[in-house]
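Dock chain X against the given chain W, drawing on the hints supplied.
As given, the protein sequences belong to chains W and X, one line each in that order.
Residue numbering for the first sequence follows numbering that gives the first Met the number 0, starting at 0 and increasing by one per position.
Residue numbering for the second sequence follows numbering that gives the first Met the number 0, starting at 0 and increasing by one per position.
Possibly wrong hints are sitting among the right ones.
Distance ranges between label pairs, derived from CB positions [claimed, not checked]:
(1) X:63 with W:2: 30 to 36 Å
(2) X:14 with W:22: 41 to 47 Å
(3) X:1 with W:8: 41 to 47 Å
(4) X:78 with W:99: 16 to 22 Å
(5) W:80 with X:64: 29 to 35 Å
(6) W:50 with X:72: 22 to 28 Å
(7) X:59 with W:64: 19 to 25 Å
Worth flagging that the hints you see were computed from the coordinates, not collected in a lab.
Beta carbons: idealized from backbone N, C-alpha and C, even for Gly.
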Amino acid sequence: MAGKTLTRMDLSEAVFREVGLSRNESAQLVESVLAYMSDALVAGESVKISSFGTFSVRDKAARVGRNPKTGQEVPISPRRVLTFRPSHLMKDRVADGNRK
Amino acid sequence: MIRSELIQKVADENPHLYQRDVERIVNTIFEEIIGAMADGDRVELRGFGAFSVKKRDARVGRNPRTGEAVDVEEKHVPFFKTGKLLRDRLNGK
Numbered sequence: 000m001a002g003k004t005l006t007r008m009d010l011s012e013a014v015f016r017e018v019g020l021s022r023n024e025s026a027q028l029v030e031s032v033l034a035y036m037s038d039a040l041v042a043g044e045s046v047k048i049s050s051f052g053t054f055s056v057r058d059k060a061a062r063v064g065r066n067p068k069t070g071q072e073v074p075i076s077p078r079r080v081l082t083f084r085p086s087h088l089m090k091d092r093v094a095d096g097n098r099k
Numbered sequence: 000m001i002r003s004e005l006i007q008k009v010a011d012e013n014p015h016l017y018q019r020d021v022e023r024i025v026n027t028i029f030e031e032i033i034g035a036m037a038d039g040d041r042v043e044l045r046g047f048g049a050f051s052v053k054k055r056d057a058r059v060g061r062n063p064r065t066g067e068a069v070d071v072e073e074k075h076v077p078f079f080k081t082g083k084l085l086r087d088r089l090n091g092k
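Same shape as in the complex, but just chain W (with noise of 0.2 Å):
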């Protein structure tokens, strides 16, 4: 396993490569794509993707917490959490790609 950590600049160096665009065009068509994303699902819409997966917003009840330090009880109020689920596709080439 590799184990190296990509950042926006590979996602957008992708789209430089694979479409004839400016560097800095590139880097803000990814950034839209992530914009467009985050706001749908801020809106509470799941977004899926076909053959990548499903990105989805589940509402948490509120419930009793405990510090696992201490012991202590903590209330924790409800929240509104994001869940992906990844396409079969993913997971196919994940475990593929990672197999010994």
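Then chain X, alone, in the frame of chain W:
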């Protein structure tokens, strides 16, 4: 929102680009993320979240229908952790 709607939004915002180029751009982004994880790499998108690969150890599983024990090999699965900014925005902060 589905892939085609995402492509449409980006296309509407960039009328100087051909629709098919916008499709290639959006597809390239997702393809790059899958390719990185298939290589065992992480993709960290600050404010949005991070995609990484988690190892699941080999285990003895059970066929839920027959109850028979089966060996399940070690495998790697994709994982996504929401970024702080997006998590806060989801909760109206």
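- request: Check the following: the C-beta atoms of residue 78 of chain X and residue 99 of chain W are separated by a distance inside 16 to 22 Å.
  value: With a Cβ separation near 19 Å, residue 78 of chain X and residue 99 of chain W satisfy 16 to 22 Å, so the hint holds.
Residue 1 of chain X versus residue 8 of chain W beta-carbon gap, inside 41 to 47 Å or not | For residue 8 of chain W against residue 1 of chain X, whose Cβ atoms are near 27 Å apart, the range 41 to 47 Å is violated.
_Verdict for residue 14 of chain X, residue 22 of chain W (Cβ pair) under range 41 to 47 Å_ = violated, 21 Å
Practice prompt. Could you say whether the range 19 to 25 Å given as a hint is met by the Cβ separation of residue 59 of chain X and residue 64 of chain W?
Written response: Taking Cβ atoms as reference, residue 59 of chain X and residue 64 of chain W lie about 33 Å apart, which means the hint is violated.
Given the range 22 to 28 Å, decide if the beta-carbon distance of residue 50 of chain W to residue 72 of chain X lies inside it. Holds - the Cβ-Cβ distance for residue 50 of chain W and residue 72 of chain X, about 24 Å, lies within 22 to 28 Å.
- Satisfaction of the hinted span 29 to 35 Å by the C-beta atoms belonging to residue 80 of chain W and residue 64 of chain X: holds, 33 Å
Worksheet entry | Beta-carbon spacing of residue 63 of chain X to residue 2 of chain W - inside the hinted bounds 30 to 36 Å or not | holds, 35 Å
Of the numbered hints listed earlier, those contradicted by the structure are 2, 3 and 7.
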